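Chain order of the listed sequences is A and B. The letter at position 387 of the first sequence is residue 387 when you use the numbering used here, and the numbering goes up by one with no holes. The letter at position 200 of the second sequence is residue 200 when you use the numbering used here, and the numbering goes up by one with no holes.
No lab work stands behind these hints: they were computed from the structure. Do not rely on the hints blindly, as some may be mistaken.
What the hints assert, rightly or not - Heads up, simulated DSBU-like pairs for lysine-lysine below, C-alpha to C-alpha not over 30 Å straight-line: (1) B/129 with A/305; (2) A/98 with A/131; (3) A/151 with A/181; (4) A/295 with B/404; (5) A/323 with B/56; (6) A/98 with A/177; (7) A/295 with B/129; (8) A/295 with B/56; (9) B/129 with A/323; (10) A/131 with A/245.
As the list claims (entries may be wrong) - So these bits of chain A aren't anywhere near chain B, every CB distance computed over 10 Å: (11) 34; (12) 43; (13) 127; (14) 130; (15) 145; (16) 152; (17) 157; (18) 173; (19) 246; (20) 329; (21) 356; (22) 412; (23) 454; (24) 458.
To be verified - Some chain A residues close to chain B (C-beta under 8 Å, calculated; not the full set): (25) 37; (26) 40; (27) 84; (28) 132; (29) 365; (30) 366; (31) 368.
Since we're looking at a predicted model, the values are computed, not measured. Glycine residues also receive a C-beta, built at the ideal position from the N, C-alpha and C atoms.
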Amino acid sequence: MRITRSVLALLAVGGVALTALGPGTASASSHREAPLIAADPAVDNTDVYAFVSPERAGYVTFLANFIPFEEPNGGPNFYPFATDATYNINVDNDGDGKADAVFRYTFQTQDLRGNNTFLYNNGPVTSLDDKNLLFRQTYTLESSFNGGPFKVRATNMPVAPSRVGPASMPNYGALRKAATKTLPGGWATFAGQADDPFFLDLRAFDVLYGGDLTEVGQDTLAGYNVNNIALQVPFKDVALKGDAKRNPVIGVWSTTERNRVRISGASAPVGKDRVQVSRLGNPLVNELVVPAGLKDAFNSISPDKDASIPAVVKRVTDPELPKLIQGIYGLPAPATPRNDLVEIYLTGVTTKAGGPIKADLNSQLNNADVNPRRFQPAEELRLNLTVPVAAMPNRLGVLAGDLQGFPNGRRLTDDVVDISLQAVEGAAQTGKLVDALAAGDKVDVNDNMFGGSFPYVALPNVGAVNKGGGTGQGAAPAALPKAFSTTGNSNMTTTAVTVGSSAVAVALGALLYLGWWRRRAATR
Amino acid sequence: MRRLFVGVLAAAGLSVVLLGVGGVIGQPTTPRAVPTAAPPVPALEAAIARDQQRLKDLPGDYTTWAALGAAYLEQARVSADPSYYPKSEGALQRSLSLRSADNAPALTGLGALANARHDFATALTYATKALAINSYSADAYAVLTDAHTQLGHAAEATDAVQHLLDLRPGLSALTRASYDLELHGQDDRAASLMRQALADAIDPADVAFCRYQLGELAFAHGDLPGALASFTAGLAADAGYLPLVQGRAKVYAAQGQFDRALADYSTVTSRMPTPAYLIEYATVLRAAGRTADADAQLQLAGAAQTIFTANGGLDDLGGAQLAIAQHEPADAVALATKEWQRRPFADVADTLAWALHLAGKDQEALVYAGKAQALGAHPAQYLYHQGAIEYALGQRDLARASLKTALATNPHFSPVDAPEAARLLTILGS
Numbered sequence: 001m002r003i004t005r006s007v008l009a010l011l012a013v014g015g016v017a018l019t020a021l022g023p024g025t026a027s028a029s030s031h032r033e034a035p036l037i038a039a040d041p042a043v044d045n046t047d048v049y050a051f052v053s054p055e056r057a058g059y060v061t062f063l064a065n066f067i068p069f070e071e072p073n074g075g076p077n078f079y080p081f082a083t084d085a086t087y088n089i090n091v092d093n094d095g096d097g098k099a100d101a102v103f104r105y106t107f108q109t110q111d112l113r114g115n116n117t118f119l120y121n122n123g124p125v126t127s128l129d130d131k132n133l134l135f136r137q138t139y140t141l142e143s144s145f146n147g148g149p150f151k152v153r154a155t156n157m158p159v160a161p162s163r164v165g166p167a168s169m170p171n172y173g174a175l176r177k178a179a180t181k182t183l184p185g186g187w188a189t190f191a192g193q194a195d196d197p198f199f200l201d202l203r204a205f206d207v208l209y210g211g212d213l214t215e216v217g218q219d220t221l222a223g224y225n226v227n228n229i230a231l232q233v234p235f236k237d238v239a240l241k242g243d244a245k246r247n248p249v250i251g252v253w254s255t256t257e258r259n260r261v262r263i264s265g266a267s268a269p270v271g272k273d274r275v276q277v278s279r280l281g282n283p284l285v286n287e288l289v290v291p292a293g294l295k296d297a298f299n300s301i302s303p304d305k306d307a308s309i310p311a312v313v314k315r316v317t318d319p320e321l322p323k324l325i326q327g328i329y330g331l332p333a334p335a336t337p338r339n340d341l342v343e344i345y346l347t348g349v350t351t352k353a354g355g356p357i358k359a360d361l362n363s364q365l366n367n368a369d370v371n372p373r374r375f376q377p378a379e380e381l382r383l384n385l386t387v388p389v390a391a392m393p394n395r396l397g398v399l400a401g402d403l404q405g406f407p408n409g410r411r412l413t414d415d416v417v418d419i420s421l422q423a424v425e426g427a428a429q430t431g432k433l434v435d436a437l438a439a440g441d442k443v444d445v446n447d448n449m450f451g452g453s454f455p456y457v458a459l460p461n462v463g464a465v466n467k468g469g470g471t472g473q474g475a476a477p478a479a480l481p482k483a484f485s486t487t488g489n490s491n492m493t494t495t496a497v498t499v500g501s502s503a504v505a506v507a508l509g510a511l512l513y514l515g516w517w518r519r520r521a522a523t524r
Numbered sequence: 001m002r003r004l005f006v007g008v009l010a011a012a013g014l015s016v017v018l019l020g021v022g023g024v025i026g027q028p029t030t031p032r033a034v035p036t037a038a039p040p041v042p043a044l045e046a047a048i049a050r051d052q053q054r055l056k057d058l059p060g061d062y063t064t065w066a067a068l069g070a071a072y073l074e075q076a077r078v079s080a081d082p083s084y085y086p087k088s089e090g091a092l093q094r095s096l097s098l099r100s101a102d103n104a105p106a107l108t109g110l111g112a113l114a115n116a117r118h119d120f121a122t123a124l125t126y127a128t129k130a131l132a133i134n135s136y137s138a139d140a141y142a143v144l145t146d147a148h149t150q151l152g153h154a155a156e157a158t159d160a161v162q163h164l165l166d167l168r169p170g171l172s173a174l175t176r177a178s179y180d181l182e183l184h185g186q187d188d189r190a191a192s193l194m195r196q197a198l199a200d201a202i203d204p205a206d207v208a209f210c211r212y213q214l215g216e217l218a219f220a221h222g223d224l225p226g227a228l229a230s231f232t233a234g235l236a237a238d239a240g241y242l243p244l245v246q247g248r249a250k251v252y253a254a255q256g257q258f259d260r261a262l263a264d265y266s267t268v269t270s271r272m273p274t275p276a277y278l279i280e281y282a283t284v285l286r287a288a289g290r291t292a293d294a295d296a297q298l299q300l301a302g303a304a305q306t307i308f309t310a311n312g313g314l315d316d317l318g319g320a321q322l323a324i325a326q327h328e329p330a331d332a333v334a335l336a337t338k339e340w341q342r343r344p345f346a347d348v349a350d351t352l353a354w355a356l357h358l359a360g361k362d363q364e365a366l367v368y369a370g371k372a373q374a375l376g377a378h379p380a381q382y383l384y385h386q387g388a389i390e391y392a393l394g395q396r397d398l399a400r401a402s403l404k405t406a407l408a409t410n411p412h413f414s415p416v417d418a419p420e421a422a423r424l425l426t427i428l429g430s
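All chains should be modelled from the sequences, with the hints used to inform the complete structure.
Written out as C-alpha cells, the structure is:
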C-alpha cells in the first residue's frame, strides 16, 4: 500500500493503528539516491564469431555483437553504441594470451533532436545522411599491431541505424549496403544493427536452477536485434609474422573499455587509460563454466591472466552442469579434471600440450614460429585459418567432423549450444552419445537466413518479437553425427591422457567451458 | 515523539479540510513540455516483466529473484512509490533462501534496500558481505559507497567510489563520483561527470536523474535559467520523475512565480508526501504570504514523519528539520544530535548547527557549522547558517563575509532565508 496524501490524512483522522504499515511502505525524506542497476547494455558483448570468409579466399571475418534483447518494436526505441567506450577485436597469434593485433572502434553521435523530442526520425529515412534521421552515429576504426601505436584506418564511417519500422525506413537493405565499407588493404568494415544471429533455447541451462531439459525448442532470441561490428581482413594482417602458412592459428576475443575516471589526485582521464568492462571469446562461457560470482572478475581481466586468478580457478575444479544432469538423467558426470575441456577452451586442440584429443587443429602451439615457453593457457576463440571452407557446413562443427566449425572458430550456423552440451558431458572423452541430450536445445538454425557476403548477419527484425520461435525453417533435430557416437574417431579418442598443464589450468578449463544466459540475463 | 504523535491526531479534522483545499490548488496550471512522441519503453519495466515471467517458469532461479528484487528497488526510486520496498525485500529474501551461500547479488540488493530505508549501517554490513564473496562486484561497491557517504565516512566513501570507477565507469559510478566531488566542493568536476553520466543514460528515469542533478548544480550557483532548462529537459524525458517537478518549483519560487511554484509543490506532495517536501511546500506558502496554508502543510509533514517513525523508520534528520520548522528547537537539537551520533554527515552537521542556533547555543552551533563544510563544500544554505550564527555571536566581520559569500554563491537559495541574509547584511553594513 502506498502512503498517499489521502491515506495519510485518513490515518490521522481515524486514529488507525499506525503500526499496521511497515516502515517499508512509507517514505523517509529523500537522500541522494543514484541509479544502481543502471543498464549498460551498450558495452555488453553478447557473442563473437570468427571464420574464414567463405566467398573471399584469404580473408578472415570477425563479428562481435553488443546490446542484447533489442526489441524491434519500432520507434522511439533505438540503440546507439556508447560514445565514451571503445570496442575492440583482439587477436593473439603467438599464444601468450596477449593481443598482437587490436582493431579498435570508437563512435561519435550527431544528435539533432533537441530537448523536446524523442523521435529518432521525423519522416522516411532513405539514406544515411537523410535529414529526417535525427540521431546518427559515425565511427573511427584504428588498428595496432604487435603492441605498436594505433593507426587510424578510417574515420567518419556511417553506422547503420536502428531499424525503426518499414514506414520510417522503407528500404533498409539500401541503408545496410551504404554502411558496408571497403577500405585500403582490402579490409571490409560494418557497424550497425542486425538480427541477433545466435539461435538457442536459453532454457537449456535451466537445469542450473532446477529446470529440466525437456521444455526446450524455442529460439529464445528469435525476433531480437543486436548491434553488430564486423571486420574482414586478409590472413596476413593477423597471422604471426604475416605468414598464415607457417602460422595458421589465431585466438580471438572482443572487449569493451571505458575511459578510466580518477576522482582525486591525478589529472583528467587520458585516452590511453581505460577500464575493461566486458570481454568475450568462446560462446557460453558465463553459462557453462564461470559461476555467477566470478563473472565480474572474468570480464575485468585479460586472457593472459586467466590461469593466475585463484578465485576463478578455485571455484570450479569441476563443472556444475554435468553433476546436475547426473541428478536428473542419471548420466554419470565425467571424471575430473576435464582435460578435454582445457584443450577446447584454454590451449586449443593440439598434441603438443599432452591433452587427450589426438589432433593438431587450432592451438597457437602448432604455429611454426611460436615460442612454446611463452605459451599461456588462456580463454580465446581459436581459429585455424588454413582449414578449407566446408562446402556443406555441419551445425555440429568439429564434433561432426566438420573441422571448419566450432570450436575451430565459430561460424554463424554453428550450433554451439548442442556442441557445448555434448562436450561438457564428455562426448570427446567417452565417445558415448548422451541420449537425453541428443536433441540439445532443439533449436538448430537461426530464425533468419544469413547473408552470403560480408557482413553476413541478417537485416534487423521489424515488428514485435515473435516468441514462437522466429520466422525461419524450424529444422527437425538433426541426428547425431557418427563421429559423436563412435569411439576412436579420427578427431576424438577415448584414450585417457593426463594433460601436462597444472591443476589450475585444468580447473579453469572446466570453469571456462560452461556460460552465458547470465551474461544476457544480467543485461538490462 | 509522543507529543508530535498526539498533535497529529488532534489535527485530524484539519487534515480533512486540507484535502479539499489540495484538490483545488492541486491542479497543475503550469505549461509542460509536450513531447512529440511517447517516451521509450523503460528498460526497467521490461526487465521486471521478463524476470516475473521467468520466475513463473523457473521459481528456483535465485539469480533472477535477486535481479527482480534489485529492479523493484529501482522502481521504488524512480516512481517514488515505497510499496515496492516490501516486494523488493520479498524477492531478495527468496533468492537468499534458495541459495544462502555465496549469493552476492541478493546481499547487494538487501544492502541497497537498507540504504533506501536510511538504515545505512545495515547497508554497510550487507555490502561488505557481498564484496567478501565477489570483490569485482560494481553493484556492491555502489551500495558500499552510498552507505559510507551517508554515514559520513568521507575517506571510505571516496575510496569505494574509486573502486567502483575502476570496475565499471558507467552511469552508477559516474553519478556517485559526481556526488562525492560535490560533497568536496568540486562542483565543476561534479557537473562534468554528471554530463558524462547523462551521455550514458538510456532509461528515461536515468536521464531524468542526471538532468535533475545538473539542474540542482546550476541552481546551487544561482543559475536559474540553466536550472530550469535542465529540469524541463528532464521532464521531457520522464514526466513522472517527481524530483524534477520539485526542482522546477524551486526555480519558480526563486523567480517570484509563486502560483507556478505552489502548483508544482502541490503535485509533488500529493504524490510523495515526505516531510522534507511538505516542509519545503510550507516554506514557499509562507513566502507567498499564505501563513495558514503553510501551517496546514506543516501539520501534514508532522503526520508523515509520525507514520514513518511509528512504523520503525529511522530518520532523525527529517525529524530535526520538522522540529525546526515547527519552532521546537530543543526537540530539533535532540534529534539532530542523535542523527549526528549515528552518522556524522554534512547535512546532519548543518541541521544540528541551525538547531543549536535556534536554541540559543551559538558557540556550539558554530562548531557544527564548521563541520558541515569540513570537506570543502560551501553551499549557500550552510554559509547563511554560519553567517547568522556568527552574527548572533557578535562576530560581525566573519558574519558579513559568510553572508556575502552565501548570496554570491546563490542569491536565490531560499525564498525565506535569502531575504533574511540580505537583511542581516544591511544591518551589518559594508
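Verification of the supplied hints:
1. B/129 with A/305: Given that 30 Å is the threshold and the Cα spacing comes to 26 Å, the pair holds.
2. A/98 with A/131: violated (44 Å)
3. A/151 with A/181: Answer holds: residue 151 of chain A to residue 181 of chain A is near 18 Å, not above 30 Å.
4. A/295 with B/404: violated (53 Å)
5. A/323 with B/56: holds (25 Å)
6. A/98 with A/177: violated (34 Å)
7. A/295 with B/129: holds (17 Å)
8. A/295 with B/56: Given pair residue 295 of chain A, residue 56 of chain B holds - Cα atoms ~25 Å apart, limit 30 Å.
9. B/129 with A/323: With Cα atoms ~28 Å apart, residue 129 of chain B and residue 323 of chain A stay inside 30 Å; holds.
10. A/131 with A/245: violated (49 Å)
11. 34: violated (4 Å)
12. 43: violated (7 Å)
13. 127: Holds, because the least Cβ-Cβ distance between residue 127 of chain A and chain B comes to about 22 Å, which exceeds 10 Å.
14. 130: holds (18 Å)
15. 145: holds (27 Å)
16. 152: Holds: least Cβ distance 23 Å, greater than 10 Å.
17. 157: Non-interface label stands for residue 157 of chain A: nearest chain B Cβ at 20 Å, farther than 10 Å.
18. 173: holds (26 Å)
19. 246: Holds, because the least Cβ-Cβ distance between residue 246 of chain A and chain B comes to about 39 Å, which exceeds 10 Å.
20. 329: holds (18 Å)
21. 356: With a cut-off of 10 Å, residue 356 of chain A remains clear of chain B, as the shortest Cβ separation is near 31 Å.
22. 412: Non-interface label on residue 412 of chain A holds, nearest chain B Cβ at 26 Å vs cutoff 10 Å.
23. 454: At about 29 Å from chain B, residue 454 of chain A clears the 10 Å cut-off, so the statement holds.
24. 458: holds (23 Å)
25. 37: holds (5 Å)
26. 40: Result: holds, 4 Å to nearest chain B Cβ.
27. 84: holds (6 Å)
28. 132: Residue 132 of chain A check fails; min Cβ-Cβ to chain B is 14 Å, beyond 8 Å.
29. 365: Interface hint status for residue 365 of chain A: violated (30 Å vs cutoff 8 Å).
30. 366: Violated, about 34 Å.
31. 368: violated (38 Å)
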